[in-house]
Amino acid sequence: MCRHGLARRVFVKAGGLALLSFGVDPIFLTRAAFALKRGDRSAVRKKTLVCIFQRGAVDGLSMIVPHGDPHYYRERPRIAVPRPGAQDGAIDLDGHFGLHPALASLEPLYRAGTLAVVHAVGSPDPTRSHFDAQDYMETGTPGVKSTADGWLNRYLTHSLEHRDTPFRGVAIGPSLPRALRGPAPGLAIESLQSFGLGGRGAGRDRITAAFEELYAGAATELVAASSEQAFEAVRMLKQVNPAAYAPAHGAQYPGSPFGRAMRQIAQLIKSELGLEIAFADVGGWDTHVNQGGAAGQLAARLTDFGTTLAAFARDLGERLGDVVVLSMSEFGRTVAENGSRGTDHGRATAMMVLGGPTRGGRIAGRWPTLDPAARFEGRDLAVTTDFRDLFGEVLVRHLGAVNLGAVFPGHRSDVSRWVGVMRG
Amino acid sequence: MHRVTWIVLAFLALAGTARAQAPADSVERARALHAINRLTFGARPGDVDRVTAMGVDAFIAEQLQPESITDAALERRLRTFTVLRTDQAELAGLLRAARRERRERQMADTAGASMLERARRGDQGSNVRALRRLVAEFQQAPVVRAVLSERQLYEVMVDFWTNHFNVFLAKGPIRALLPAYIEQTIRPHALGRFDELLTATARSPAMLVYLDNAQSVAPGAVPPQLERMRSRRAQARAGRRPQAGSARERADSMLRRLEERMPRGLNENYARELLELHTLGVDGGYTQDDVVGVARILTGWSVRGIDRAPEFAFHEWAHDTGSKTVLGIDFAAGRGMDEGVELLQLLAAHPSTRRHVSRKLCTRFVNDRPPAGCVDAAVDAWERTGGDVREVVAAILRSPEFWASEQRDAKLKTPFEFVASAVRAVGGEPDTTPILAQVIGRLGQPLFLQPAPTGYPETQEAWVNSGALLQRANVALALAAGRLPGVRVTLGRILPPSSTVQELVAAVNQELLGGRASHGTIRVLTAEAERTIRHADARMLVVGLALGSPEFQRQ
Numbered sequence: 001m002c003r004h005g006l007a008r009r010v011f012v013k014a015g016g017l018a019l020l021s022f023g024v025d026p027i028f029l030t031r032a033a034f035a036l037k038r039g040d041r042s043a044v045r046k047k048t049l050v051c052i053f054q055r056g057a058v059d060g061l062s063m064i065v066p067h068g069d070p071h072y073y074r075e076r077p078r079i080a081v082p083r084p085g086a087q088d089g090a091i092d093l094d095g096h097f098g099l100h101p102a103l104a105s106l107e108p109l110y111r112a113g114t115l116a117v118v119h120a121v122g123s124p125d126p127t128r129s130h131f132d133a134q135d136y137m138e139t140g141t142p143g144v145k146s147t148a149d150g151w152l153n154r155y156l157t158h159s160l161e162h163r164d165t166p167f168r169g170v171a172i173g174p175s176l177p178r179a180l181r182g183p184a185p186g187l188a189i190e191s192l193q194s195f196g197l198g199g200r201g202a203g204r205d206r207i208t209a210a211f212e213e214l215y216a217g218a219a220t221e222l223v224a225a226s227s228e229q230a231f232e233a234v235r236m237l238k239q240v241n242p243a244a245y246a247p248a249h250g251a252q253y254p255g256s257p258f259g260r261a262m263r264q265i266a267q268l269i270k271s272e273l274g275l276e277i278a279f280a281d282v283g284g285w286d287t288h289v290n291q292g293g294a295a296g297q298l299a300a301r302l303t304d305f306g307t308t309l310a311a312f313a314r315d316l317g318e319r320l321g322d323v324v325v326l327s328m329s330e331f332g333r334t335v336a337e338n339g340s341r342g343t344d345h346g347r348a349t350a351m352m353v354l355g356g357p358t359r360g361g362r363i364a365g366r367w368p369t370l371d372p373a374a375r376f377e378g379r380d381l382a383v384t385t386d387f388r389d390l391f392g393e394v395l396v397r398h399l400g401a402v403n404l405g406a407v408f409p410g411h412r413s414d415v416s417r418w419v420g421v422m423r424g
Numbered sequence: 001m002h003r004v005t006w007i008v009l010a011f012l013a014l015a016g017t018a019r020a021q022a023p024a025d026s027v028e029r030a031r032a033l034h035a036i037n038r039l040t041f042g043a044r045p046g047d048v049d050r051v052t053a054m055g056v057d058a059f060i061a062e063q064l065q066p067e068s069i070t071d072a073a074l075e076r077r078l079r080t081f082t083v084l085r086t087d088q089a090e091l092a093g094l095l096r097a098a099r100r101e102r103r104e105r106q107m108a109d110t111a112g113a114s115m116l117e118r119a120r121r122g123d124q125g126s127n128v129r130a131l132r133r134l135v136a137e138f139q140q141a142p143v144v145r146a147v148l149s150e151r152q153l154y155e156v157m158v159d160f161w162t163n164h165f166n167v168f169l170a171k172g173p174i175r176a177l178l179p180a181y182i183e184q185t186i187r188p189h190a191l192g193r194f195d196e197l198l199t200a201t202a203r204s205p206a207m208l209v210y211l212d213n214a215q216s217v218a219p220g221a222v223p224p225q226l227e228r229m230r231s232r233r234a235q236a237r238a239g240r241r242p243q244a245g246s247a248r249e250r251a252d253s254m255l256r257r258l259e260e261r262m263p264r265g266l267n268e269n270y271a272r273e274l275l276e277l278h279t280l281g282v283d284g285g286y287t288q289d290d291v292v293g294v295a296r297i298l299t300g301w302s303v304r305g306i307d308r309a310p311e312f313a314f315h316e317w318a319h320d321t322g323s324k325t326v327l328g329i330d331f332a333a334g335r336g337m338d339e340g341v342e343l344l345q346l347l348a349a350h351p352s353t354r355r356h357v358s359r360k361l362c363t364r365f366v367n368d369r370p371p372a373g374c375v376d377a378a379v380d381a382w383e384r385t386g387g388d389v390r391e392v393v394a395a396i397l398r399s400p401e402f403w404a405s406e407q408r409d410a411k412l413k414t415p416f417e418f419v420a421s422a423v424r425a426v427g428g429e430p431d432t433t434p435i436l437a438q439v440i441g442r443l444g445q446p447l448f449l450q451p452a453p454t455g456y457p458e459t460q461e462a463w464v465n466s467g468a469l470l471q472r473a474n475v476a477l478a479l480a481a482g483r484l485p486g487v488r489v490t491l492g493r494i495l496p497p498s499s500t501v502q503e504l505v506a507a508v509n510q511e512l513l514g515g516r517a518s519h520g521t522i523r524v525l526t527a528e529a530e531r532t533i534r535h536a537d538a539r540m541l542v543v544g545l546a547l548g549s550p551e552f553q554r555q
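As given, the protein sequences belong to chains F and C, one line each in that order. If you count the first sequence from 1, position 350 lands on 350 in the numbering used here, and the numbers rise without skipping. If you count the second sequence from 1, position 423 lands on 423 in the numbering used here, and the numbers rise without skipping.
Do not rely on the hints blindly, as some may be mistaken.
[To be verified] Computed from the model, here is a short list of chain C residues facing chain F with C-beta under 10 Å: (1) 107; (2) 171; (3) 345; (4) 349; (5) 351; (6) 352; (7) 462; (8) 469; (9) 477; (10) 482; (11) 521.
Derived by calculation from the structure, the hints in this document are not laboratory data. Note that CB positions come from ideal geometry on N, CA and C, so glycine has one too.
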């Protein structure tokens, strides 16, 4: 990437001759030419994948309730979500599974075929440590600790395009998550409004111009490339004017951190800034104590989660046709409730796939049942879908990834193991 | 940059100042600046003059003997850090209390507020808050040391080893173990012998927990307390000891919990990272069988009293009593902990370890792509001295490759180095307020919070990205404007009022950029100063721009 930046700068300033004398790879020349023609904003309209990490291990069994499985009620006498039809019962989806009632806002999306659920998905590595399991899910290499970069970054690295903008990979938050770290550039943005240099108005513009000039003149290769991207991002964002953003179609995001994050992602998508991979965290799922059933702690987290996703879908409108939201969590929780009306660290969980290109309205993945004989170590919901097969299917069918081997090293990608949550 | 260009530039910069210097002096000043850049966390005002006057070689010799340097100002400041006066047992107790408190609040809470939301509302118990404060203070400590210590090379080496033997603050009980890990495991050995440092980390509760060796047991091994509990339950069930229903239920659930938490077999995690990262290196010539052999040898290296007074313990019951082979060397069966002690010596003295760690040191001190000559020099010194880190570092600093002109400014500062050097450049005085640690975190290098055992990268690709550069510029402006709470900055002390813009820019170039500002940078600084009406504002702006400039990002 750095070389690309250098090439572009030299190209702009000195013409093609300088490129030859620097011996720069010709692909960067084409990139430079494309970059110069930007301005046509439709040119950077992209398909976008939004990854949401439910940190802390969400209880898949009470998020997407297997109300048809008697073991669920047997093992959770105090915290089960009641059967559909009962007061505050689960919202039946297919006669066997139901949505937690706090996710009622997602029901219309499921019925409309834009929301699919994959159940019993997880990691082949059996660790029950949050730290290790998150790390494995973000590096995309379960069991291998030393992987330096994240799976999303490897995707970005192996599918460079001519029209990449600084906004191609963006995480909402103070720093890049492990999944986005690596050689391909990524932006961590806490708030679109305050992105860039501090201050406001004319003072801010003046400082920005001064820094841009400092870097245009003196910076060496890598620093020059990054700074050019940085100031380009500031300029692009200024044109978009994030302060003036109003969600469309009457969408109302919750005021929670997750609501604010998704609102900003929608804003970035609609601004056509070339966003391809977005990432946001949502926490509070580690419900060891007093998890609650239809109401309570988990329900409150799910309400925030569901209303945010529903607002996001409504806000995007027809633009949701180019967008897929993929939720993930490091592992699931025990089938049985513990002595503190909570659940402990388990194995498989449920993940959601939302968006226009989704083959929705279905619960995908093989259901291993909650029969103790079918459980992992007689205790936890077994993993029947390797998370890499789900992530891989989304990358290929939605973003057109061609080299899954590079994204998930050590994992043989095999279409027959895909659960079919994507159309096409 | 070529040496000649560099000298010419240094001249140009100096021409604007009152001091006229002889060429020989400017060569020595250039060497002084390079030494300061690499041995320290950046030049303070006047440092280049001081080192030039005392002689660069004398400066290096002094820095290699930190015990001979008095460090009164830092010691005074460190006395204000409560966490440094809190022992591990106290921290473990606080962690236990904080966990209980969190659990109680969670029990009472049906609204499902996340921890983050509760923190924002201030709805947290006093133990949770106290623990958080101590942890934040401890993250600030390395920054304060980097800024204020006179033993700069020593602090650089502490940083190097902290990163080499990385642990992750946020994993389980490590927040209570980290201070002892840094103060008692890493710091005493930072310029000592590598084998002693390696052994200290291998025995440290923090590392044993971080890389799971505390959980690694011979397959089938059962902890004695679980065995006792099982037989007691079996007796109770057989009716030999009558029990009330509730007591039985409690005992059963405790047994279940113990069974669930019981370590099951070998955990290769530490063994693998020990070989790949701490010693031999990924190409160091070991196999998966060696990893298993190492893991088996280290079964039983664990921690006792994790909730009360955590300390290293060797658990006989957990140790694999069979014979093992590692790197073609047989370890006879049944020698318990001695096997591990021998293994660590073997690894510390291995040629692959010498090369791997020497290379990494040269990456830190010389270049992202370390020149072969200085790696060889380090390896030779290592071999000659049996791994005396002080001698290895000295050899690197003596090598011609270290002084080659192309190495000047060849390293990009990490966020930690950037922040520490910026505060030093303006003569800032940080206190216990964890603001600088937070700033470093925002720039992408939260201290003690690298989850991967690799530690943070020593090379620039990891630190240069567009968001981070803007953030650096923001930090530079905020620092210059005195807007970072907990850091006292008095620009008037380092830059007395100058009569002209040219004088101001020349002084900033001299004091903050070591006189190496490019023409472009001089032009921008001058233009911005000229557009500013008040002198104090101009000074603030020029300093902010200089700290955020591309020149200041390098060392």
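Cross-check of the supplied hints:
Interface hint status for residue 107(C): upheld, as the beta-carbon distance to the closest one in chain F is roughly 5 Å, under 10 Å. With its C-beta approaching chain F no nearer than about 5 Å, residue 171(C) sits inside the 10 Å limit, and its interface hint holds. The closest approach between the C-beta of residue 345(C) and any C-beta of chain F is roughly 24 Å, which is over the 10 Å cut-off, so the hint fails. Violation of the interface hint for residue 349(C) is found here, the shortest Cβ-Cβ separation to chain F being roughly 24 Å, above the 10 Å cut-off.
For the restraint placing residue 351(C) at the interface with chain F, the shortest Cβ-Cβ distance is roughly 22 Å, beyond the 10 Å limit, so the hint is violated. Because the beta carbon of residue 352(C) sits about 16 Å from the nearest beta carbon in chain F, more than 10 Å, this interface hint is broken. For residue 462(C), the shortest C-beta to C-beta distance to chain F is roughly 8 Å, which falls under 10 Å, so the interface hint holds. Proximity of residue 469(C) to chain F holds as hinted, the smallest CB-CB distance being about 5 Å (cut-off 10 Å).
Evaluation of the residue 477(C) hint against chain F yields a held restraint, the C-beta minimum of about 6 Å falling below 10 Å. Using the Cβ-Cβ criterion of 10 Å, the hint placing residue 482(C) at the interface with chain F is not satisfied: the shortest such distance is roughly 14 Å. The interface hint given for residue 521(C) holds, since its Cβ lies 5 Å from the closest Cβ of chain F, which is under the 10 Å cut-off.
The structure is inconsistent with the numbered hints 3, 4, 5, 6 and 10, although it conforms to all the rest.
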